[in-house]
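There are 2 protein chains.
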Amino acid sequence: MSQLGFLQIGKGFRVDLVMHKENRFKVWNNFKLKYPNINLNGKCILVKGTPTTYRDDTDHEELTRQESYFHYLFGVKEPDFYGAIDLSNGNSYLFAPKLPPAFAVWMGEIKNNQYWKDHYKVEDCFYVEDIEKTLKSLNCDTVCVISGVNTDSGLAHQGAPFEGISNFKVDKDLLFPVIQNARVVKSDKELDVMRYVAAESAKAHSEIMRIVKPGMSEFQLESHFRHLIYCNSGCRNVSYTCICGSGPNGAILHYGHAGAPNDKLIKEGEMLMFDMGGEYHCYGADISRSFPVSGRFTEEQREVYSSVLASQQAVMDAMKAGVSWPDMHRLANRVICEQLKKYNFLKGDIEDMMANYVGALFMPHGLGHLLGLDTHDVGGYPEGTSRSTEPGLKSLRYGGLLEKNMVITVEPGIYFIRAVLEPAFLNPQVNIFLNEEKIRKFLDFGGIRIEDDVIVLENGIENMSRGCPRSIEDIEALMNS
Amino acid sequence: MSQLGFLQIGKGFRVDLVMHKENRFKVWNNFKLKYPNINLNGKCILVKGTPTTYRDDTDHEELTRQESYFHYLFGVKEPDFYGAIDLSNGNSYLFAPKLPPAFAVWMGEIKNNQYWKDHYKVEDCFYVEDIEKTLKSLNCDTVCVISGVNTDSGLAHQGAPFEGISNFKVDKDLLFPVIQNARVVKSDKELDVMRYVAAESAKAHSEIMRIVKPGMSEFQLESHFRHLIYCNSGCRNVSYTCICGSGPNGAILHYGHAGAPNDKLIKEGEMLMFDMGGEYHCYGADISRSFPVSGRFTEEQREVYSSVLASQQAVMDAMKAGVSWPDMHRLANRVICEQLKKYNFLKGDIEDMMANYVGALFMPHGLGHLLGLDTHDVGGYPEGTSRSTEPGLKSLRYGGLLEKNMVITVEPGIYFIRAVLEPAFLNPQVNIFLNEEKIRKFLDFGGIRIEDDVIVLENGIENMSRGCPRSIEDIEALMNS
Ligand SMILES: [Mn+2]
Ligand SMILES: [Mn+2]
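Each protein sequence line maps, in turn, to chains A and B.
Under the working numbering, the first sequence has 312 at position 312, and the numbering climbs by one with no breaks.
Under the working numbering, the second sequence has 104 at position 104, and the numbering climbs by one with no breaks.
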């Protein structure tokens, strides 16, 4: 059980919940900086936590996973809370659900508002039913809520509806750009949590390399990963559904969903493409490793793997604060084209390939994305920016410059996807670059992705997932140890 | 990967999807039997499957778990489907989402409607966008949808909204009682799936008994269980959040939720109360075992444990088709009172205890519930029936007579819950039965529940979870082997 003021699962990382007090201060401060001419008296921020939810019409209670913005500000793991920040003075308040006495029989000890106040380090805690009364007593007349569209999903945030909201002015414009932006660059405390979850996830990936063998089903490695990351590291959730592709399935970018549930048998000689990450205190890791089930790369596997690795390494070597992320995407693409030319998958001039987006035929996704409380973390395209419409680049989830203490994934890949390549063979604009005979031999190869989670530094990066080997030599050594 | 017409995960049970064709026939047939005077021409059933869902406003896609009624009728594991049954002739149709070609890059091969038709054994498959057109071509003018309140949750079913529904009459009365009732008694094929998931879950419980030791965190056993049931048995989901209570936490009936996430250290000398079950093809198991972490029952643990076991055994011995479930609940209570009197927790006359609901002070929940596609399966209180308001009995989730091939849990328990017992010590109506001094010694003991999943037979029961030991001797033997 966690100590008052801390979150710790088993022997996992001990999170000082003052981290969220700092986050609240950052949002309050950034709010003032962004709107220096706005009068903050009478204004407060109100955010709503995840409610208790049930599956369909049943009483099957879903395991609560806190909504990310609410978690960012308050770090509360329990459902049915609200939180407020008085913008006039930065004071924070929580609103807890008032639970009936019978709750104790089914769900355990009912904690009082003093406990929540002390544990989550807010100025005070009241009941949800008293939100209106409390805000009025703070002289609040305007409630600023989160209202805007997530640039990865296109979905709108639900705001913070509460009983009595109609007795306030509701501002839907001011808060969203501030809180979205606050999450993009991580604090030192956030980075420590992310270092932990990335390192533990990398460790679990390494263990998977040792465990896997032909004849296992893909899902058995998903099961092992989930177990390793929970039992050893305290991550009850993975940050996204595990992708455990063997052979051709390695070329299905989001394999593993309910319609393709990692249920293939792994066969001798196949490549594996495993994309899995744990989540701790809602902060996620997102790591991919590709390796041969045999533990020894064949010549063909070596060609493709070393091409992706060269691409990833070129990007990692070039990354630092101030660098453009779309430029890094183009760099990754260029190295992939160069490598594929070197190994006779491609022919012709590299500049011509770049102009014709030949790289996107093999890597149809973006180079990487912001990572944090969401796997595709918010803030990729803040107001005033827009996505490229170019192939590949249009799938890039962050379109700006790298900043110090951003966390971002670096995940180039090469995939042999029939649905992409068959039309390309027929397309005169790109088929002139394709060595069709060689590529056809790889149509059942699958794909390779190497994905690491890095912190952007002033003059380079810190690779938080370096604990899991990437080089051919290190992978072979680990798998045969 | 599953063969056409079957569902099989790894080496797990091979489900013949004709099971759902039988379910559809049963619903059609029961519909005709219940409404012999209704003209079925122009009427069809329409049900909606689970849509693709995202966490809050993010692009974090939730792993689809099919809505239970839809699953019952069609067995489809993919999201975004609809299904129909033409009531005039019993023909069945699926409606699949029309996926954009880019889907293949991210999610894998797009299956065509012929595949769905063959795999899920329906008469034909069309696109969701063609529901209106298709139903019109079947001469359907009235759409019967599921509309009613789940008696366990009190929540209403969402029906089957679709584009063009306003061009049909929508009947919300006819279908619900028929389909709810159809799920109560299981078919032979359903029973086979349930035997599998109960047996595998029992096996995993046995393994947990071998693994656990003092110094582990409760959640590590949750992790082991989830891993065992997935890796060995193909159950990607558990049927409900694992309850892994040690010591006092054993008395929190629904321990393990986000606010109490199985995060206590297990200490020498404690009792454990683990309630966990796997889910396979959406059919669940629900098994509880209680045992001392030391592997040897102390005298105190023996008293409470043997009392619960005697209660469970008395019920199991009395159960058969035709028996009243509330009577079984009362029997369980009576044996608990007798046992607690024998061990000096209680004093006085058993009939007086029964009249004053003394048993409910130690077992505040119901004896057991229907089990199937939902852990608390539907049909507990069909129209015309109502719940008792008596303590304990009011929490009983099934109020009728046992029928052959019902699946129900038998789960008596004895818990020492401060929130229940402290008021009872002060209540003159019941404190005369309580040996307060002895009971007080057990206030940190926690609780004991023994829960098995049984099929009701003509002349008894089949205990599907018998693979995990229940007797003190068998548990001690297993834990020390
Ligand atoms: Mn990623
Ligand atoms: Mn149960």
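Source of the hints: derived by calculation from the structure; they are not laboratory data.
Check the hints yourself; a few may be wrong.
Since the list gives no way to pick out one identical chain from another, each pair is judged satisfied if it fits inside one copy or across any two copies.
Said to hold, decoys possible - Pairs of lysine-lysine, BS3-like flavour, derived with a Cα cap of 25 Å: (1) K264 x K404; (2) K117 x K169; (3) K11 x K267; (4) K342 x K21; (5) K111 x K32; (6) K169 x K441; (7) K189 x K320; (8) K189 x K169.
A quick note: this is a predicted structure, and the numbers were derived from the prediction, not measured.
Hints, one by one, checked against the model:
1. Taking identical chains as interchangeable, the C-alpha atoms of K264 and K404 are never at most 25 Å apart, the minima being 42 Å within one chain and 38 Å between chains.
2. When the C-alpha separation of K117 and K169 is checked against a cutoff of 25 Å, the pair qualifies neither within a copy, at 27 Å, nor between copies, at 54 Å.
3. For the homomeric pair K11 and K267, the shortest alpha-carbon distance between copies (15 Å) is at most 25 Å, but the shortest distance inside one copy (37 Å) is not.
4. Taking CA atoms no more than 25 Å apart as the test, K342 paired with K21 passes in neither setting, with 53 Å inside one copy and 55 Å between copies.
5. Taking the closest pair of Cα atoms, K111 and K32 never come within 25 Å of each other, the shortest separation being 34 Å inside a single copy and 53 Å across copies.
6. Neither within a single protomer nor between protomers do K169 and K441 lie at most 25 Å apart by alpha-carbon distance, with minima of 64 Å and 56 Å respectively.
7. Only within a single protomer do K189 and K320 lie at most 25 Å apart by alpha-carbon distance; the minimum there is 21 Å, versus 60 Å between protomers.
8. Within a single copy, K189 and K169 get their C-alpha atoms no closer than 35 Å, and across copies no closer than 59 Å, so neither meets the 25 Å cut-off.
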